[in-house]
Amino acid sequence: MDARPQRAGFHTVTVSDTRRTLHSFTVPTRYTNLRFINAGSEGAVVSADVSTDQNQVAIKKRSNLIGKSAKNAIREFILLTSVKHPNIIPITHVFTPQEDEQSFKDVYLVMERMKYTLSEVISKMPLNHKTLKFFIYQILCAVNHLHRQGIIHRDLKPCNVAVNGRCEVKLLDFGLSRMFSPIDQMTGYVTTTHYRAPELLLECLKTPENLSNKDSVRALYSTKVDIWSIGCIFYELITRKIMFPGNETVSQWNKIAEIMGTPTDGFVSKLDTNLANRIRTQCSAQPQTTRQTFDDLVLDSHFICPSSACKTCKTGKDKHLIADAADARRLLSKLLEYEPKDRYSAAEALHDSYFKSCFKADEVDAPLTACEYIHEVDQGNLALEDLKSLIFKEVKRIESSYIPE
Numbered sequence: 001m002d003a004r005p006q007r008a009g010f011h012t013v014t015v016s017d018t019r020r021t022l023h024s025f026t027v028p029t030r031y032t033n034l035r036f037i038n039a040g041s042e043g044a045v046v047s048a049d050v051s052t053d054q055n056q057v058a059i060k061k062r063s064n065l066i067g068k069s070a071k072n073a074i075r076e077f078i079l080l081t082s083v084k085h086p087n088i089i090p091i092t093h094v095f096t097p098q099e100d101e102q103s104f105k106d107v108y109l110v111m112e113r114m115k116y117t118l119s120e121v122i123s124k125m126p127l128n129h130k131t132l133k134f135f136i137y138q139i140l141c142a143v144n145h146l147h148r149q150g151i152i153h154r155d156l157k158p159c160n161v162a163v164n165g166r167c168e169v170k171l172l173d174f175g176l177s178r179m180f181s182p183i184d185q186m187t188g189y190v191t192t193t194h195y196r197a198p199e200l201l202l203e204c205l206k207t208p209e210n211l212s213n214k215d216s217v218r219a220l221y222s223t224k225v226d227i228w229s230i231g232c233i234f235y236e237l238i239t240r241k242i243m244f245p246g247n248e249t250v251s252q253w254n255k256i257a258e259i260m261g262t263p264t265d266g267f268v269s270k271l272d273t274n275l276a277n278r279i280r281t282q283c284s285a286q287p288q289t290t291r292q293t294f295d296d297l298v299l300d301s302h303f304i305c306p307s308s309a310c311k312t313c314k315t316g317k318d319k320h321l322i323a324d325a326a327d328a329r330r331l332l333s334k335l336l337e338y339e340p341k342d343r344y345s346a347a348e349a350l351h352d353s354y355f356k357s358c359f360k361a362d363e364v365d366a367p368l369t370a371c372e373y374i375h376e377v378d379q380g381n382l383a384l385e386d387l388k389s390l391i392f393k394e395v396k397r398i399e400s401s402y403i404p405e
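Residues in the sequence shown are numbered consecutively from 1, following the UniProt record's numbering.
Worth flagging that the hints you see were computed from the coordinates, not collected in a lab.
Be aware that a few hints might be false.
[Unchecked claim] Below are the BS3-like pairs computed for lysine-lysine, each with C-alpha atoms no more than 27 Å apart in a straight line:
1. Lys61 - Lys105
2. Lys105 - Lys388
3. Lys393 - Lys105
4. Lys334 - Lys356
5. Lys124 - Lys388
6. Lys270 - Lys360
7. Lys61 - Lys115
8. Lys130 - Lys356
9. Lys61 - Lys360
10. Lys170 - Lys241
11. Lys84 - Lys255
12. Lys84 - Lys61
13. Lys388 - Lys71
14. Lys61 - Lys255
15. Lys393 - Lys241
16. Lys130 - Lys388
17. Lys130 - Lys241
18. Lys270 - Lys130
19. Lys360 - Lys115
20. Lys270 - Lys84
21. Lys84 - Lys115
22. Lys71 - Lys360
23. Lys61 - Lys396
24. Lys388 - Lys84
25. Lys255 - Lys356
26. Lys61 - Lys388
27. Lys61 - Lys341
28. Lys341 - Lys360
29. Lys396 - Lys105
30. Lys356 - Lys341
31. Lys115 - Lys170
32. Lys124 - Lys255
33. Lys170 - Lys334
34. Lys396 - Lys71
35. Lys61 - Lys170
Model the full assembly from the supplied sequences, consistent with the hints where possible.
See below:
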């Protein structure tokens with residue numbers, strides 16, 4: 001147990017999760033009535049009341065700041081304190097209860113308290129198509145903003161999308177996000193398997209033309225990995241089913257091939273030699289398939305409007321097919337293309353006729369802000385102590401500028 005005295009103005013609160021595991025939070029005294037929300041490999045999240053303004057917040061505690069966990073922590077709080085958009089969860093405060101680098105071990109992120117995750121909405125709540133469309137529109141607005149800022153989210157999935165009582169959507173969990181450049185090398189093992197783009201499963205894309213030894217260069221990827229994930233989320237919102245329910249990389253690849261068809265030689269030829277041979281071997285062991293149509297994948301029964309007085313559909317029939325079913329299917333097909341170059345960008349998706357009824361230029365093209373990203377975090381040559389020192393100094397810099405509301 002740490003024998004150091006507790007920092008002035010802080011108190012320690014212990015909360016219990018659903019398995020009766022105890023989580024200790026040391027937070028400023030203005031945060032009271034802490035209640036468990038969820039926990040993962042890199043920390044826990046609680047809700048709290050704010051005594052100074054009667055609001056509720058969510059507080060995320062990141063501990064065990066070593067290796068990937070440390071990198072994820074600094075990525076998340078730097079990006080979320082820099083990037084400003086109505087559909088991206090804002091971090092309102094960052095702090096640590098430790099006062100020196102030697103004792104430093106915890107980072108706390110304070111953010112807006114949202115009511116649900118999209119996974120809870122999908123599993124428990126009825127959705128009309130107008131609301132469903134509004135959800136995907138907001139997700140695309142947020143992702144378009146990130147991509148314009150030069151950021152790939154890399155972990156889009158329903159549980160990382162929050163929803164409030166007004167059906168407003170905000171993206172969460174930026175620990176895997178990265179600034180990108182045309183020659184960045186990044187691992188394929190990021191997004192949760194069900195939402196992982198083919199190029200991430202294969203850990204490759206065509207290498208830049210200015211790199212001569214293609215076989216020796218690790219696969220590259222782009223913002224289009226987020227678009228594939230959004231397509232998977234869109235399908236899940238419509239059908240209430242996971243589109244590609246694999247349980248590990250090989251089975252996930254097979255699930256994609258079953259629906260999207262066996263990849264063409266044109267796609268495989270863009271891979272490095274060893275990987276191309278692997279894929280050809282894998283494909284030869286499976287039945288050859290052709291791409292299924294979205295008319296078959298998303299049935300008319302998923303697009304039934306229950307209202308006989310629906311002004312949007314403009315028909316007097318009971319339980320009729322909504323007017324934009326064809327547009328929804330076409331949009332899905334453009335989000336879920338094998339080839340990243342054939343996939344919509346976020347901006348292209350937002351300008352699709354499917355979103356004509358909700359498109360607002362100020363939401364799609366929101367002003368950009370300066371992003372104070374620390375690129376040394378991703379260069380892989382920082383010693384652990386240097387990384388912890390970097391995190392500590394950045395936390396203290398943000399903490400010192402905080403003004404309670």
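So, going through the hints one by one against the coordinates:
A C-alpha spacing of about 10 Å is found between Lys61 and Lys105, which places the hinted pair at or below 27 Å, so the restraint holds. Between Lys105 and Lys388, the direct Cα distance comes to roughly 8 Å. Compliance with the 27 Å bound is thereby established for this hinted pair. Note on Lys393 and Lys105: the hinted pairing holds, with a Cα-Cα distance of about 13 Å set against a maximum of 27 Å. At roughly 17 Å between alpha-carbon atoms, Lys334 and Lys356 fall within 27 Å of each other, so this suggested pair holds.
For the hint pairing Lys124 with Lys388, the CA-to-CA distance comes to about 41 Å; that exceeds 27 Å, so the pair is violated. Straight-line distance between C-alpha atoms of Lys270 and Lys360 comes to about 38 Å, which puts the hinted pair past the 27 Å bound. Only pairs whose Cα atoms come within 27 Å are accepted, and Lys61 paired with Lys115 is accepted, the gap being roughly 19 Å. Distance hint between Lys130 and Lys356 is fulfilled; the C-alpha atoms sit about 12 Å from each other, no more than 27 Å.
Restraint check for Lys61 and Lys360: the C-alpha separation of about 36 Å exceeds 27 Å, so the hint is violated. Distance restraint check for Lys170 and Lys241: the Cα-Cα separation of roughly 22 Å lies within the 27 Å cut-off, and the hinted pair is therefore satisfied. For the given pair, Lys84 sits about 37 Å from Lys255 by alpha-carbon distance, which is inconsistent with the 27 Å threshold. The straight-line distance between the Cα atoms of Lys84 and Lys61 is roughly 22 Å, inside the 27 Å bound, and the hint therefore holds.
Distance hint between Lys388 and Lys71 is fulfilled; the C-alpha atoms sit about 9 Å from each other, no more than 27 Å. Among the hinted pairs, Lys61 with Lys255 is inconsistent with the structure: their alpha-carbon atoms are about 36 Å apart, more than 27 Å. Between Lys393 and Lys241, the direct Cα distance comes to roughly 44 Å. Violation of the 27 Å bound is thereby established for this hinted pair. About 46 Å separates the Cα atoms of Lys130 and Lys388, which puts this hinted pair outside 27 Å; it is violated.
Proposed proximity of Lys130 and Lys241 is supported: the alpha carbons are some 19 Å apart, at most 27 Å. Between Lys270 and Lys130 the CA atoms are separated by roughly 39 Å; this puts the pair beyond 27 Å, and the hint is violated. Only pairs whose Cα atoms come within 27 Å are accepted, and Lys360 paired with Lys115 is accepted, the gap being roughly 25 Å. For the suggested pair Lys270 and Lys84, the alpha carbons sit about 37 Å apart, so the restraint of at most 27 Å is broken.
Taking the CA atoms of Lys84 and Lys115, the gap is about 20 Å. The hint holds against a cut of 27 Å. Taking the CA atoms of Lys71 and Lys360, the gap is near 35 Å; set against the 27 Å cutoff, the hint is violated. Proximity of Lys61 to Lys396 is assessed by CA-CA distance (about 16 Å); at most 27 Å being required, the pair is judged to hold. Annotation: proposed proximity of Lys388 to Lys84 holds, straight-line Cα distance about 26 Å (limit 27 Å).
Between Lys255 and Lys356, the direct Cα distance comes to roughly 33 Å. Violation of the 27 Å bound is thereby established for this hinted pair. Restraint check for Lys61 and Lys388: satisfied, since their Cα atoms lie roughly 16 Å apart, inside the 27 Å limit. Of the pairs offered as hints, the one joining Lys61 and Lys341 is violated, with about 38 Å between alpha carbons and a cut-off of 27 Å exceeded. Taking the CA atoms of Lys341 and Lys360, the gap is near 26 Å; set against the 27 Å cutoff, the hint holds.
With a C-alpha separation of about 13 Å, the suggested pairing of Lys396 with Lys105 holds against the 27 Å cut-off. This hinted pair checks out: Lys356 and Lys341 have alpha carbons roughly 24 Å apart, not beyond 27 Å. For the suggested pair Lys115 and Lys170, the alpha carbons sit about 11 Å apart, so the restraint of at most 27 Å is met. Taken as a hint, the Lys124 and Lys255 pair is honoured in the structure, with Cα atoms around 26 Å apart against an allowance of 27 Å.
The suggested pairing of Lys170 with Lys334 holds, with an alpha-carbon distance near 23 Å, which does not exceed 27 Å. As the CA atoms of Lys396 and Lys71 are separated by approximately 17 Å, the hinted pair is consistent with the 27 Å bound. For the proposed pair Lys61 and Lys170, the alpha carbon gap of about 19 Å is at most 27 Å, so the pair holds.
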